[in-house]
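Dock chain B against chain A, hints included.
Chains as they are written, first to last, in my numbering: chain A, 1 to 70; chain B, 71 to 319.
Calculated directly from the structure, the hints in this document are not laboratory data. Be careful, since some hints might not be right.
As the list claims (entries may be wrong) - 20 Å max Cα-Cα, derived EDC-like pairs, lysine to aspartate or glutamate:
#1 B:K166 to A:E24
#2 B:K157 to A:D21
#3 B:K166 to A:D21
#4 B:K168 to B:E178
#5 B:K166 to B:E255
#6 B:K168 to A:D21
#7 B:K166 to B:E180
#8 B:K202 to A:D16
#9 B:K157 to B:E91
#10 B:K202 to A:E24
#11 B:K157 to A:E24
#12 B:K202 to B:E91
#13 B:K157 to B:E255
Fair warning: this is a prediction, and the values are worked out from it, not measured in the lab.
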Amino acid sequence: MTVQRLLVSFGRFWWDFIVGDTPEIAVGVACLMVVGWFLARGLSAAAVVVLPVAVIALLVASLYRGMRSA
Amino acid sequence: MTAEILVALSVFGACSVEMVEALTIVMASGFTRGWRSALEGSALAVVCLAILVAAVGPALIHYVPLYVLRLVVGSLLLVLGLQWLRKAVLRASGYKAKHDEEAIYRREVERLSGQPRSGSGRDATGFVIAFKGVFLEGMEVIMIVLTLGLSSGYLGVATVAAAAAVVVIGAIGVVVARQLSEVPENGMKLGVGLMLVTFGTFWGGEGAGVRWPGSDLALLGLLAIYAAITWAAVATLTRTRALGAAEPT
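Bound-form chain A, shown alone (with noise of 0.2 Å):
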């Protein structure tokens, strides 16, 4: 039992840290990340730029949704 309420502490520590109130970012970092691997894999430099654009899009839309439910 007690185990079992370490573990759910864990796990619930764990999803507050990364998902928490902000599902977008995570789901949103996920993404890019993914797309980042395979646009290093043929179009590096294309990376490059698309990286920090994805990054700020992201933020941007997680600004906005904060805005709306203020």
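Relative to the frame of chain A, chain B by itself:
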């Protein structure tokens, strides 16, 4: 050298922010439930965190390939950095209430004062509250120290910067006692968020196989771009909020 300085600054800033939050809880516990329990709870949390670092740190260095480490660490830093940056921008533009340590302290004191004390010298509530506060905030510090330190190869620099933050904020806490609200937490969060997003993009990209032009110097370029966007976001949101407030209902 560029990466080394940025790593030190990022770790120092992030640890300072987390330390302010932990110290607020420890002081609330100390003043209401007694210092012995609060300090013992904090000390045990620090020991647990040290054991965790000693167990996880070397294992990560020896058994995980660097590119995997950088991909995972880069992703984690990006998530954490974007969360911090989002929160700081919303607070700076007035869309979210500022993190008020004074209010949190008062709330904690009120909550702890209402609970019955145990008879002997050691108070279980004070001990547990201090332990949880230091352990949870410390976990974030460890994450930042390990991820930034291991990916950059400057684990020593990251550890020293974290220790310096603990000493500096601890000293401020002791000297100014309950005036932790004076620490410009939102500004620090904004700065650290920017650096975490910068490192996250850089290492996440390197882990994925991207070759950044200018190597470490690309960090400065990314930081400048993100700083400009953040500044523009704060200005735009502040203006939008002001316009919204001025509109007749």
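Original post:
Are the Cα positions of K157 of chain B and E91 of chain B separated by 20 Å at most?
Top reply: Given that 20 Å is the threshold and the Cα spacing comes to 15 Å, the pair holds.
Subject >> Pairwise hint evaluation, E180 of chain B against K166 of chain B, where the allowed Cα distance is 20 Å at most >> reply: The hint is violated at about 24 Å.
**OP:** Take the C-alpha atoms of K157 of chain B and E24 of chain A, compute the straight-line distance between them, and say whether it is at most 20 Å.
**Re:** Distance ~14 Å between K157 of chain B and E24 of chain A Cα, so the pair holds.
Subject >> Hinted pair K202 of chain B and D16 of chain A, Cα distance within 20 Å >> reply: This hinted pair holds, its Cα atoms lying about 15 Å apart.
Original post:
Between K157 of chain B and D21 of chain A, is the straight-line Cα distance small enough, at 20 Å or below?
Top reply: holds (11 Å)
Original post:
Between K166 of chain B and E24 of chain A, is the straight-line Cα distance small enough, at 20 Å or below?
Top reply: holds (18 Å)
Subject >> Restraint status (C-alpha distance of K202 of chain B to E24 of chain A at most 20 Å) >> reply: violated (28 Å)
Original post:
Has the given pair, K168 of chain B with E178 of chain B, been kept, meaning a C-alpha gap of at most 20 Å?
Top reply: holds (17 Å)
Original post:
Are the Cα positions of K202 of chain B and E91 of chain B separated by 20 Å at most?
Top reply: Status holds; Cα separation ~12 Å.
Subject >> Given pair status - D21 of chain A, K166 of chain B, alpha carbons within 20 Å >> reply: holds (14 Å)
**OP:** Measure nothing beyond the straight line between the CA atoms of K166 of chain B and E255 of chain B; if it is 20 Å or shorter, mark the hint as holding.
**Re:** Holds: K166 of chain B and E255 of chain B sit about 14 Å apart, inside 20 Å.
Original post:
Is the Cα-Cα distance between K168 of chain B and D21 of chain A 20 Å or less?
Top reply: This hinted pair holds, its Cα atoms lying about 17 Å apart.
Hints 7, 10 from the list above are not met by this structure, while the remaining hints are.
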